[in-house]
Every structure is written in C-alpha cells, then in structure tokens.
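Protein chains: 2
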Amino acid sequence: MHIGIDLGGTNIAAGLVDSEAKLICKMSTKTNCENGAESIIKDMVSLIKNLLEKNKLVIDDIELIGIGVPGLVDYENGIVKECVNLYWKNIKLREILKTELNNVFEKDININILIENDANAAAGGEYLAGSMKNHKNSFMVTLGTGVGGGLLLDGKIYRGKNGIAFEIGHMTLGENFYNCSCGNNGCFETFASATAIIKYAQKLINEGMNSRIMELVNEEVNKIDAKVVFDCAKEGDKVANLVIDRFVKYLAIGINNLLSIMDVDLISIGGGVSAAWDFFEDKLIDEINKYKLYKEIPLCKMEKATLGNDAGIIGAAMLDII
Amino acid sequence: MHIGIDLGGTNIAAGLVDSEAKLICKMSTKTNCENGAESIIKDMVSLIKNLLEKNKLVIDDIELIGIGVPGLVDYENGIVKECVNLYWKNIKLREILKTELNNVFEKDININILIENDANAAAGGEYLAGSMKNHKNSFMVTLGTGVGGGLLLDGKIYRGKNGIAFEIGHMTLGENFYNCSCGNNGCFETFASATAIIKYAQKLINEGMNSRIMELVNEEVNKIDAKVVFDCAKEGDKVANLVIDRFVKYLAIGINNLLSIMDVDLISIGGGVSAAWDFFEDKLIDEINKYKLYKEIPLCKMEKATLGNDAGIIGAAMLDII
Numbered sequence: 014m015h016i017g018i019d020l021g022g023t024n025i026a027a028g029l030v031d032s033e034a035k036l037i038c039k040m041s042t043k044t045n046c047e048n049g050a051e052s053i054i055k056d057m058v059s060l061i062k063n064l065l066e067k068n069k070l071v072i073d074d075i076e077l078i079g080i081g082v083p084g085l086v087d088y089e090n091g092i093v094k095e096c097v098n099l100y101w102k103n104i105k106l107r108e109i110l111k112t113e114l115n116n117v118f119e120k121d122i123n124i125n126i127l128i129e130n131d132a133n134a135a136a137g138g139e140y141l142a143g144s145m146k147n148h149k150n151s152f153m154v155t156l157g158t159g160v161g162g163g164l165l166l167d168g169k170i171y172r173g174k175n176g177i178a179f180e181i182g183h184m185t186l187g188e189n190f191y192n193c194s195c196g197n198n199g200c201f202e203t204f205a206s207a208t209a210i211i212k213y214a215q216k217l218i219n220e221g222m223n224s225r226i227m228e229l230v231n232e233e234v235n236k237i238d239a240k241v242v243f244d245c246a247k248e249g250d251k252v253a254n255l256v257i258d259r260f261v262k263y264l265a266i267g268i269n270n271l272l273s274i275m276d277v278d279l280i281s282i283g284g285g286v287s288a289a290w291d292f293f294e295d296k297l298i299d300e301i302n303k304y305k306l307y308k309e310i311p312l313c314k315m316e317k318a319t320l321g322n323d324a325g326i327i328g329a330a331m332l333d334i335i
Numbered sequence: 014m015h016i017g018i019d020l021g022g023t024n025i026a027a028g029l030v031d032s033e034a035k036l037i038c039k040m041s042t043k044t045n046c047e048n049g050a051e052s053i054i055k056d057m058v059s060l061i062k063n064l065l066e067k068n069k070l071v072i073d074d075i076e077l078i079g080i081g082v083p084g085l086v087d088y089e090n091g092i093v094k095e096c097v098n099l100y101w102k103n104i105k106l107r108e109i110l111k112t113e114l115n116n117v118f119e120k121d122i123n124i125n126i127l128i129e130n131d132a133n134a135a136a137g138g139e140y141l142a143g144s145m146k147n148h149k150n151s152f153m154v155t156l157g158t159g160v161g162g163g164l165l166l167d168g169k170i171y172r173g174k175n176g177i178a179f180e181i182g183h184m185t186l187g188e189n190f191y192n193c194s195c196g197n198n199g200c201f202e203t204f205a206s207a208t209a210i211i212k213y214a215q216k217l218i219n220e221g222m223n224s225r226i227m228e229l230v231n232e233e234v235n236k237i238d239a240k241v242v243f244d245c246a247k248e249g250d251k252v253a254n255l256v257i258d259r260f261v262k263y264l265a266i267g268i269n270n271l272l273s274i275m276d277v278d279l280i281s282i283g284g285g286v287s288a289a290w291d292f293f294e295d296k297l298i299d300e301i302n303k304y305k306l307y308k309e310i311p312l313c314k315m316e317k318a319t320l321g322n323d324a325g326i327i328g329a330a331m332l333d334i335i
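Residue numbers (the working numbering), protein chains in the order written: chain A, 14 to 335; chain B, 14 to 335.
Check the hints yourself; a few may be wrong.
Since copy identity is lost for identical chains, a pair holds within one copy or between any two.
SDA-like mimics (lysine to any residue), calculated; alpha carbons at most 20 Å apart, straight line [to be verified]: (1) K146 with I335; (2) K146 with K174; (3) K174 with E309; (4) K149 with K169; (5) K39 with N322; (6) K102 with I54; (7) K149 with G168; (8) K262 with G199; (9) K262 with N192; (10) K251 with I211; (11) K317 with D244; (12) K303 with S194; (13) K105 with P83; (14) K149 with L166; (15) K247 with D291; (16) K174 with P311.
It should be emphasised that the hints constitute simulated quantities derived from the structure, not laboratory data.
Whole structure, please, built from the sequences with the hints as guidance.
Structure follows, in structure tokens:
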C-alpha cells in the first residue's frame, strides 16, 4: 500500500492508494500554516496514523509516502526549497517526516518518502488513473487561482534541471491591463485563470458596462467569482460572454504555444475553472484550430480532468513509478 | 562511415562523417527546386558518389545516410510530408533515394536511410559535436529568416507525436505591427528573426527617424539587412539600437517561455543572426534574468552554436543515435 498526501494552503489531504493507483480511503485536516513546518508535518503523521487505523493496517504495510507540495521542491533530496503559501523555505521534509514517523511509531521506519510539486503530482495522478491514462506523452493544464500544469514524457513526470519545468502560468502571451504577481506583464495566468476572469469582469463593469453579474453578487463587484461569470455567460449576458471569449482566446493561445513546443498526444484541463468545461470546450477547440500551424494535422485529444482533488493524492502516492 | 545531407532551399550540402560525429569531408551543389523532387534526389546521389570517390570509399562502406529537410517529415516512414520552399508534398524520400542508389551503384543497396527536420538535425549535430555537447537536456534556437529550433531530451531529439515539436517560431509572444507568414499575429519569429530586425528598422525609418543605416544601404530601405543594423548599433546609432533592444527583449521573452516549460541545462543560439552574439549576449542574459520566475535559481548555460552549417550535416549523419 502507498500513501499520498496533497499538502494545500487550506487543507492537507491524505489517501491510501493501492498498487493499481486506486484510491482506497482518504482523509483531510486543516492546514495550520501559522504553526510552521514541524507542526504541519506532525499533522501529516496524525493523518497517516488515522488512515492506517481506519483501514486496519500497520505502518510496515506502507511501501511509500509521497507528498505533493504547492511550491519548489528538490525531488532528489526530498527538500521543499520554497513554498510561499505555507511560508516554508528549505524545509527538509523527507528527513523531518521520517524522524516524526520514528517517534510516533516508536521504531526505525524504512519507508520510501518522495516529495513532488503538487501540479506535477496531479498530472501524474491523471496519467495513472484519470483523463491522461495510457497517454505517455501528455500534459495537464490546471486553471485555478493561477495556471499550473504538469508534463508527462514517456510516462514519467518531466521535472527539468531545477524541478521547475512546466511552470506554464508564467509564459508570456501578450500585454495585459494588470501585472502578474511575479512582477511581469502578460503571463498566461493573468489571462486564463479564475483570477483573470474575475479581474476582466470587474474591469468591464467598473468601466460602466451593465451586466447580470452585478445582480447575482448584490451589486458588490468584489464578490464576483468565476462561477458567476460562467453562469451569466450561459444565460447570454453580454459582459460575461466578452469575459469568457477573452479567457478562451488566451487559453487557446497558451495551449497552442505549448503544443508548438511539445506536440503531445493529449491535453487534460483541470482546476476549478474546468467545472465549466462543457460550456467552453467547443469554443476552445475552435480557437486552437484557428491558431495552430499545421491545419491538416488533427488537434491532439483534449479532455477534462476526471479525478479532481484526488489526482494530487494518487499522483503523490505513486511517485515511485512516474 | 556515415553520410549526412542538409537539403536547403539554396544548396544541398553533403558530408562524410565518422562514427565519432567528426565531419571528414563535405561538398555541396545548388538546389534546383524547379526541377522537382526526383531531380533533386538524383543530385543528392551524385554528391554521395563524389564524396565516396574523393575519399576512396565504396558505397558498402556507408552504414547510414541521413537527410535534414526544411519541412515536415514523417521520421518513421522516411517521407517528406511538406516542404514549402522546395514545393514538395508527400515525397517518399527514403524509397526514391534507395531506388536511385540501386540504379547508380547497380546493386541492391542496404543502407539505413533516415529523414529528419533540418532544425532538429542541426540541434542533434550541436549536441554530438558542438555547443550542446554532453548536455543531454538542451535546446537550440536558430535565428535566421525565421526562428526555429530543436530539443534534445535525454540525449535524443524530441520529435513529438506528429514530428512537429519545437516549432518555436510560431509561439505567440504579444502583438506585433505585422502578421506572420503563418497568418497569426505575434509569433516569436516576427520579433526575433533577421526578418523581424529588418522590418522594424524599415518601420522606424519609414516613420521618419534618421539613421546611419540609410547611408550604408545607399538610402534604399529595401536593402537593409540584419548585419547592417547590428553594425550601426555597434557604432551607437540610435535607431539601430532601438531595433536591437526590441529584438533582444522579445528573444528573452521567448527563451524565458521555453525555459519555463523545459527547464533545460543549456541553450545554444545559432542561425545567421548569431553572428552578432558577442554584441547581444550580455544584453540577452540580463533581459532573461529580468523575466525569469525563480530569481535565485541561476540561468542555465547560454552558448553560441559552434558548428554553423555543418551542424545539419553532422546531425543528419548521426540520426541513428540521437
């Protein structure tokens, strides 16, 4: 049995995963960022203990513990180099976790512990058990607060020299009306994330356009979220459709850029914004086909991610084979 | 012994390459595009014959003939699917070449014949014998009339599903004042090729700016080339420096995009524009460092390609190992 942990800024989710990449049982707890790394790692061990007890397993039944972390990791050495959301810097996660496991289980634990970036882990999960299954050369684009992703090449996560490969959210696509949190202008995620949708809707409304969106948020422009914009777009609201059309245009440009470089078999679209996939799938495919270089070569498969938050748990649990 | 052929729109260059990827001897002849594929393939066989005679070899001494083609190839089947410059479409290059070799050498020739995109072959050559040597994960960016490139992953050319991987010239970077030949706006090659340099210089001059460039081209704006612009920039000409600064800015954005995705060990810059490498190297590195996401992670190595036109011959000759 394997255990996968998805360490998020809000929750820590842990799951028991069998050798076929099937999620057997999962549990979660709040992430107490303010308590620091050691406390969070203790919470991880508690989750592991609870998972074992609930499933009548002992720690020696576990071959591997994998952890997906929302930041920059040193995969080889099991170190979290930087994780802005958790205020972590150079945390020896593998080492500290091992010590904590030894303490709690009162023995010298010899489990393989692997640490990976969470978006890479999620792509790995989709590859092993979800939308990317059997597509050895494929990638996932995660549309959430930002834009992230993970690339599988020949069935392995492509990490790059420094573990920062496929940081696609910061690919420059053009000029935008607001700067990215990274300091640059025109990053993919400033055009094609939930944040991008919200900011452009707010901009159009603040410039004086009338929209049904404002009724649904009780006239409070700060309450706009991506779901409201999609809901209004489905109803035919003009402003909402301008926002979604712009989102789709730049998502297509970004994906076309990625395809020009990687020419993969399949692309999986995940993250919160993918909830609206049925509404924007056809628009997106039409738009990518408009941009693509070789019109006679069919577009690769485009799928919605199927595992949701479980992808990260499953991918983390199976890091030894991807 | 291997033979590598670089099939260009102007010349066909062929070389004898040893098993250590060393170019022993090369020859070339004009590409008579208007005569069609069969005639060009006959010219290739003449080059092969001449190379053998000059080096006192017989055809059975050759293990492999590799050909780099400026277009879309089906690597598996040895077919040139499309080559706009040569007016080729679905040419069974491997099959026709084999038949022609059989005819000329009056025997059943059993040589491995491999066909590759020319930019991929050139990157392979730089990897085996030039600037990318020993860097298994690296890519080449070729700055010529357009922008092309080739990607090596784990020491192998990454071709992608359809053989169209690393068509980086058509990655969208922003809005530009003229459209790309592909029909899109904002392609990398409309900002960072020799053509881009020429067009922007012409634009500034046509808008009324005075520049030393015009003296050097006898006041004929259509005679501006990239070399003149670099020469004037070195002399301190304002317009020329505006043009080169813009070229460097977008080259940095494009390379930063590629690095965000691939996180490689080394990047090699080749093509005609790389002749001015010494002038723009430092500017380029400063600019990439401005854009890159993780400021604390050092930029990968950046090198000027060292093999020039030989890269394509060497890479083509060694296609069996890359």
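- [ ] Evaluate K146 and K174 at a C-alpha cut-off of 20 Å and name the case that applies: within, between, both or neither.
- [x] between (26 Å within a copy, 16 Å between copies)
Task: Within, between, both or neither, where K262 and G199 count as close if Cα-Cα is 20 Å or less - done: both (14 Å within a copy, 14 Å between copies)
TODO: Pop the pair K303 and S194 into one bin, within, between, both or neither, using alpha-carbon distances up to 20 Å.
DONE: The answer is between: 14 Å across copies meets 20 Å, while 30 Å in one copy does not.
Open item on the list: Regarding K105 and P83, is the shortest C-alpha distance of 20 Å or less found within a copy, between copies, in both, or in neither?
Closed with: within (15 Å within a copy, 49 Å between copies)
Open item on the list: For K174 and E309, with the copy left unspecified, which applies at a CA distance of at most 20 Å: within, between, both, or neither?
Closed with: between (35 Å within a copy, 14 Å between copies)
TODO: State whether the alpha carbon distance between K251 and I211 is at most 20 Å within one copy, between copies, both, or neither.
DONE: within (15 Å within a copy, 42 Å between copies)
Open item on the list: If the cut is 20 Å between Cα atoms, do K146 and I335 qualify within a copy, between copies, both or neither?
Closed with: Within. Shortest intra-copy distance 12 Å satisfies the 20 Å Cα cut-off; inter-copy 28 Å does not.
Open item on the list: When Cα atoms must be at most 20 Å apart, do K149 and G168 count as within-copy, between-copy, both, or neither?
Closed with: Cα proximity of K149 and G168: in one copy and across copies (4 Å, 18 Å).
Open item on the list: My question is about K149 and K169: at a cut-off of 20 Å on alpha-carbon distance, are they close within one copy, between copies, both, or neither?
Closed with: Cα proximity of K149 and K169: in one copy and across copies (8 Å, 16 Å).
Task: Intra/inter-copy verdict for K102 and I54 if alpha-carbon distance must be at most 20 Å - done: Answer is within; shortest intra-copy Cα gap is 14 Å, inter-copy 60 Å.
Task: Same-copy or cross-copy closeness of K247 to D291 [CA-CA at most 20 Å] - done: Classified as within: same-chain Cα gap 11 Å, cross-chain 55 Å, threshold 20 Å.
- [ ] Evaluate K262 and N192 at a C-alpha cut-off of 20 Å and name the case that applies: within, between, both or neither.
- [x] both (19 Å within a copy, 17 Å between copies)
Going through the hint list in order, the structure satisfies each hint without exception.
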